[in-house]
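J.: Below are the chains, spelled out letter by letter.
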Amino acid sequence: MKHLLIAPPLLFFFAISVIPLLFTLGLSVTNTSIGGSGSFIGLNNYAQLFSDQFFLRGFLNTILYVVLGVTAQYWLGLGLALLVNSMVHGKRLIRLLILLPMMIPPLIVGFVWQTLLDSRYGPVAGLFTGLHLKPVPWLTDPTLGFVSIVIVDTWQWTPFMFLLLFTGLRTLPKEPFEAARVDGASSWRIFWDHTFPMLLPASIAAILLRSIESFKLFDIVFFITGGGPGGATNTLTLLGYFTSLRSGNLGYGAAMSIILLLTVVVLATLILIVVRRLMARADKAGQQALDQFLAEPLPVKVA
Amino acid sequence: MSSVKLEALTKKYGDNLAISNLNLECQQGEFIVLLGRPGAGKSTTLKLIANIEELSSGNIYFNDQLINNIPTENRNVAMAFESYALYPHWTVRKNLEFPLKAPGRNIPAAEQEARIRRVAELLEIAHLLDRKPSQLSGGQRQRVSLGRALVRPASVTLLDEPIAHLDARLRHSLRGELKQYQREQNATTFYTTPDYVEATAIADKIAVLIDGQVRQFATPEVVYDEPADIEVATIVGDPKMNILPLAPGATRLEINEAWLQLPPLPPEAGYIGIRPVNIQIFENAHPYAIRGTVYVTEPMGYEQVIRVEAGEQLLNIKTLLTTGTFSIGQTVWLQPDWTTIHVFDRSGQRLKGGFH
Chain A
1 MKHLLIAPPL LFFFAISVIP LLFTLGLSVT NTSIGGSGSF IGLNNYAQLF SDQFFLRGFL
61 NTILYVVLGV TAQYWLGLGL ALLVNSMVHG KRLIRLLILL PMMIPPLIVG FVWQTLLDSR
121 YGPVAGLFTG LHLKPVPWLT DPTLGFVSIV IVDTWQWTPF MFLLLFTGLR TLPKEPFEAA
181 RVDGASSWRI FWDHTFPMLL PASIAAILLR SIESFKLFDI VFFITGGGPG GATNTLTLLG
241 YFTSLRSGNL GYGAAMSIIL LLTVVVLATL ILIVVRRLMA RADKAGQQAL DQFLAEPLPV
301 KVA
Chain B
1 MSSVKLEALT KKYGDNLAIS NLNLECQQGE FIVLLGRPGA GKSTTLKLIA NIEELSSGNI
61 YFNDQLINNI PTENRNVAMA FESYALYPHW TVRKNLEFPL KAPGRNIPAA EQEARIRRVA
121 ELLEIAHLLD RKPSQLSGGQ RQRVSLGRAL VRPASVTLLD EPIAHLDARL RHSLRGELKQ
181 YQREQNATTF YTTPDYVEAT AIADKIAVLI DGQVRQFATP EVVYDEPADI EVATIVGDPK
241 MNILPLAPGA TRLEINEAWL QLPPLPPEAG YIGIRPVNIQ IFENAHPYAI RGTVYVTEPM
301 GYEQVIRVEA GEQLLNIKTL LTTGTFSIGQ TVWLQPDWTT IHVFDRSGQR LKGGFH
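As they're listed, the protein sequences go chains A and B.
By my numbering, the letter at position 83 of the first sequence is numbered 83, and the numbering carries on one by one without gaps.
By my numbering, the letter at position 25 of the second sequence is numbered 25, and the numbering carries on one by one without gaps.
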């Protein structure tokens, strides 16, 4: 009887999570389209995906966005965190300023950057013309378009990395670093020998969270390039959206979503295995820092 | 292996004066103990020497060279922290190795290994070399921290209460070993402790720190026999020295309707101090003795400490256990040994000269 008490949240979870997932899974093995009924076609959708140049490009793009974006965000965030942590005055103000980009809705970010980078009317183009440089097709060149997306994503989400790493730095004990200086270590060695390893738990948590979020990158691309030119900046989420809701090909779009889900689950599990390994080896202090960090509610809801 | 000179050191935290005008000078290879109560500025002094805390004003010299502007990593000091400050992600061996591997030391691998062996055996941590700090007890961690400070030759070794958290057996044996080891290495050592027994046992010279100032800097014998003022006198010695106020121009001490003739004292005398071991206690009425009531007794092995209420005073007496058995509330007679008293003026300063 007592188990009945957990029924309401279970039902809720079932209704908003499990049912849609099963529904999508079911949809992905049919050729259903909007407004029409579909029939069971087995794994045809999946088979077709792997010869679909748009899908493969989107898949590769998604992976590259995650790898390049998260890497850039991590090192920039770490650099900022170290810098701000070593500041004597004005910590609070600078921390607030750094966090600002994260507070802006991605929709606005997309719009602002699209305007900034517009190759005819944008201020960046104006600046280039003013300096007698050739205008750069930020959004219309396939490679530059891709780079632009990574830049904007990094601009918006570096603050998140900064926040997690800065918090991690603040939880580290002070004395081992004083001891290291007394022992004659240079700042460079102190960083690599002590700061970096002791910050590892926080780093892994931050990278994990950002990676999962990055896989779902949608809004920035949607507003800045719309996936173009010619699908060069597409992501899986964007492609799924266009296929299902713009082209009305629900079955095929569902198959894309399932592939994305599987990719995220596999990669997140891999990262978690690495985390567990490292945790088992990590010292108590680091583990406590991570526990404390994971127990705290995230300061900003991740969009 | 340097001589050290601290000149008018001052350290302020906001408006708080942690160290004020502290002066100290020591020779190469000397073992200096900074003795003082918690908050006296012992740790701060060490941190100023290591440049972990920045000087507010004053000068520090190693071998007569001003080192105020030399950064911590180039001062060649070794330090054991009160909080241990071990590297938590490294094994004990790597913790001990780190100071040996710092740039510019160029210590050959075989010598590194020998040095690690040596301190590990000295501190009885040889069996713990492959463990991490989180797998050690507090006392073991403290020994690793001490080992990290001793493992390499340094201009100055700074030890901040390095054996405070060890069990009594190890604390006693390490005092001697540590002194011997540092002498052998010819290392100049600064060592802090609030425990005067530890200080007198290990020090070449004791600097008594009170309120961020050196009140007395002398050999353990001198600090004990000729304390510079009342505060020093009460820090050095356990139980603490009995301090009795004198009426101006008094020639005798009156307590509980009895009086004792005082030896001739200078007119500026304000207090006399008598160490607990210099008062004799009798169970029966005794001539030339004052009467008191036993307040509490503390037997300690072959000795005992007895606190006796005499008039408004609570006097500490330390005597052999064989002197007698005393129970709380018992009436006893006390006789100070006038030849051993300390005389202080009204402001608490020691008055020089012989009064006995």
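Hints listed in this document are in silico derivations from the structure and should not be mistaken for laboratory results.
You may find that some hints are simply not true.
[What the hints assert, rightly or not] In silico DSS-like pairs for lysine-lysine, Cα to Cα no more than 25 Å straight-line:
#: 1; chain 1: B; residue 1: K240; chain 2: B; residue 2: K318
#: 2; chain 1: B; residue 1: K205; chain 2: B; residue 2: K240
#: 3; chain 1: B; residue 1: K179; chain 2: A; residue 2: K174
#: 4; chain 1: B; residue 1: K132; chain 2: A; residue 2: K174
#: 5; chain 1: A; residue 1: K91; chain 2: A; residue 2: K216
#: 6; chain 1: B; residue 1: K5; chain 2: B; residue 2: K132
#: 7; chain 1: A; residue 1: K91; chain 2: B; residue 2: K12
#: 8; chain 1: B; residue 1: K132; chain 2: B; residue 2: K94
#: 9; chain 1: B; residue 1: K205; chain 2: B; residue 2: K179
#: 10; chain 1: B; residue 1: K240; chain 2: B; residue 2: K5
#: 11; chain 1: A; residue 1: K174; chain 2: B; residue 2: K94
#: 12; chain 1: B; residue 1: K132; chain 2: B; residue 2: K101
#: 13; chain 1: B; residue 1: K205; chain 2: A; residue 2: K174
J.: Next step is simple, just say for each hint if it's right about the structure.
T.: These are the hints, each one checked on the structure:
1. For the given pair, B:K240 sits about 10 Å from B:K318 by alpha-carbon distance, which is consistent with the 25 Å threshold.
2. Between B:K205 and B:K240, the direct Cα distance comes to roughly 20 Å. Compliance with the 25 Å bound is thereby established for this hinted pair.
3. For a cut-off of 25 Å, the pair hint linking B:K179 to A:K174 is broken: about 30 Å separates their Cα positions.
4. Taking the CA atoms of B:K132 and A:K174, the gap is about 19 Å. The hint holds against a cut of 25 Å.
5. Taking the CA atoms of A:K91 and A:K216, the gap is about 32 Å. The hint is violated against a cut of 25 Å.
6. Using a Cα cut-off of 25 Å, the hinted pair B:K5 and B:K132 is violated, with the two alpha carbons roughly 38 Å apart.
7. Restraint check for A:K91 and B:K12: satisfied, since their Cα atoms lie roughly 22 Å apart, inside the 25 Å limit.
8. With a C-alpha separation of about 9 Å, the suggested pair B:K132 and B:K94 falls inside the 25 Å cut-off, and the hint holds.
9. Between B:K205 and B:K179 the CA atoms are separated by roughly 12 Å; this keeps the pair inside 25 Å, and the hint holds.
10. Restraint check: the Cα-Cα separation between B:K240 and B:K5 comes to about 31 Å, which exceeds 25 Å; the hinted pair is violated.
11. Distance check on the hinted pair: A:K174 and B:K94 sit about 19 Å apart at the alpha-carbon level, within 25 Å; holds.
12. Only pairs whose Cα atoms come within 25 Å are accepted, and B:K132 paired with B:K101 is accepted, the gap being roughly 19 Å.
13. A distance of roughly 32 Å separates the Cα atoms of B:K205 and A:K174; the hinted pair therefore is violated under the 25 Å criterion.
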